[in-house]
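> Spelled out, the chains give:
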Amino acid sequence: MKRAGRWLIAGLVLFLGRGERAKQLPPPEPLVEGGETSPRAELVVGALLFLAAGLAIAFVVVYAAGADTQLLGLALGLCLAALAVASVVTAFHLTPSEEVEEPYPEPRHQIETEEVDQIVRESGRHLTRRKLLGIAAGGAGAAVGLAFVTPLASLGPVFDTSRLRRQPWRKGVRLVDEAGRVLRADEIELGTLHTAFPEGADPEELGSPIVVVRVEPVRLDLPEDRRDWAPGGIVAYSKICTHAACAVSLYRAPHYEPSRPRPALVCPCHYSTFDPATGGTVLFGPAGRPLPQLPLMVGPKGELLALGGFSGPVGPSWSGVRR
Amino acid sequence: MRRAALILGLLALALPQLGSAETGAGLYLQHCVSCHGPNGAGVQPGGDHFGPPLQGVGAQAADFYLRTGYMPVENASDQPVRKSSPFTDSEIRALVGYIASFGGPPIPQPQAERGNPSEGMKLFTENCSGCHQVAAQGGLVVGGTAPQLDAATPTQIAEAIRIGPYLMPKFTERQLSDRNVDSIIAYLQVAKNPDDRGGWGIGHLGPIPEGLVAWLLAGAALVGVAMVIGARAP
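Line by line, the protein sequences are chains A and B. Numbering of the first sequence is given in our numbering, commencing with residue 1 and proceeding in unit increments. Numbering of the second sequence is given in our numbering, commencing with residue 1001 and proceeding in unit increments.
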């Protein structure tokens, strides 16, 4: 309540005090010669600024329509080039330039500062299409700003985050490889890494890809409640790194264990390293939480099946998922 | 004590063969037995010397480790690195033959000319480039380094895929068929002599050094433009 009152008072003060400026002094003697008008250059600059605005809008459109990298780069590159040419033309044709015999003195006193202000103000006096140039510059600025913030949309859904929690794994779903072939338990040899997907589901879904490895059963050290999740030492984890959603595609598989670091699943992007023997816990790297584990069982024909859904949310942490 | 006696006994048995060091068994007793144990039984960690058993690794692994110079290694805890082998070609053949007698897969016979380089590039990107980089220049893994593959022969590549040396995972025939391996080797032959369309390879290290060079050139270009459109104060 108190805060709202304060805001109200602040708003009132601003409203009542608007437009109150220091008394204007009578216009002083002009310092800058009129300079020649050059309407053609103004038109060129205006056109270039509008072109830049159009290209920035094109960037947004290309982004929305599938974001072809080459086209994105072309639109933004041409946009910045148009802005640059507009600046060069402005500098050469629209800004009066004088040969100065001596460098300006350092504007230390108030009078001198005001003089510089005046020079700047008057420099624009010879422009004939101020409004056009103002609109063009404003439009170009706004459009380029829009183009720069558009890629933020790639950071993920903002309002409806349920897509991030969806997962195609249910009890009894079979594990298949890239080609759709059913994965069998005896194919998972020690020291090999397999990527698998849920049978019949969209492999592009965030919750679809998993990595499957075999851990020697004696080395398995899963949490109490996951005791029967790893038949014969075969464990499965989400392939999506919990740090930045890269594919966990490296398997550190020591050929001879006593003298080597332990087996680990490694993400190639930032080297987050997860321990498959202990439930995907983080051994090294920037990941903040373990890889979600998928409970497994072996079917009557030796095929691998999911025993249920993941142990936690798949993919990088977002607001609401910290562990 | 009993182990020492055993080794001595074996040495005695092998003495007639030691006369001609050319024989695989003799070389094995001279250079390998301290870590891999008599008859390739392996030596458990605990002492200064230890190593994995060699029974079942076959000619495939023996040929790989000896020809790359990975073995013999000074310290069992070090990552083996490529170096020129202290053994001559005929000594390596003798040793490989002896280790193969413990059982295991033979030396693979890849046929790179059967492979398809573009298919190989796809397979290499999916399965190998995470560690070795797509240009096969090598890289880092947590706890070790992945070697650059310039010096690897087709046979060694085929062997490494099936063995999974050091920290590398192995790939079964179900994951990568022999034909797939041929394609990967065909791609690696291309990668050894890359066609640098841009002119400079810049170490084939990827976009970051390329970007640095691009920024450097762009910076020089910007200075040039600034000098053209600006005027030097008198």
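Worth flagging that the hints you see were computed from the coordinates, not collected in a lab. Each hint should be verified, as a subset may be incorrect.
Chain B residues, not near chain A, derived (Cβ > 12 Å throughout) [as the list claims (entries may be wrong)]:
hint: 1; residue: Thr1023
hint: 2; residue: Pro1038
hint: 3; residue: Pro1072
hint: 4; residue: Ser1077
hint: 5; residue: Glu1126
hint: 6; residue: Gly1164
hint: 7; residue: Met1168
hint: 8; residue: Lys1192
hint: 9; residue: Gly1198
Chain A is faced by these chain B residues, among others (derived, beta-carbon under 7 Å) [claimed, not checked]:
hint: 10; residue: Arg1162
hint: 11; residue: Pro1165
hint: 12; residue: Lys1170
Every residue gets a Cβ at the ideal spot worked out from N, C-alpha and C, and that includes glycine.
> Each hint should be assessed against the structure and marked as holding or not.
Evaluated hints:
no., hint, verdict
1, Thr1023, "holds (26 Å)"
2, Pro1038, "holds (18 Å)"
3, Pro1072, "holds (14 Å)"
4, Ser1077, "violated (5 Å)"
5, Glu1126, "violated (8 Å)"
6, Gly1164, "violated (5 Å)"
7, Met1168, "violated (7 Å)"
8, Lys1192, "holds (23 Å)"
9, Gly1198, "holds (16 Å)"
10, Arg1162, "violated (11 Å)"
11, Pro1165, "holds (6 Å)"
12, Lys1170, "holds (5 Å)"
Hint check: violations occur at hints 4, 5, 6, 7 and 10; the rest are consistent with the structure.
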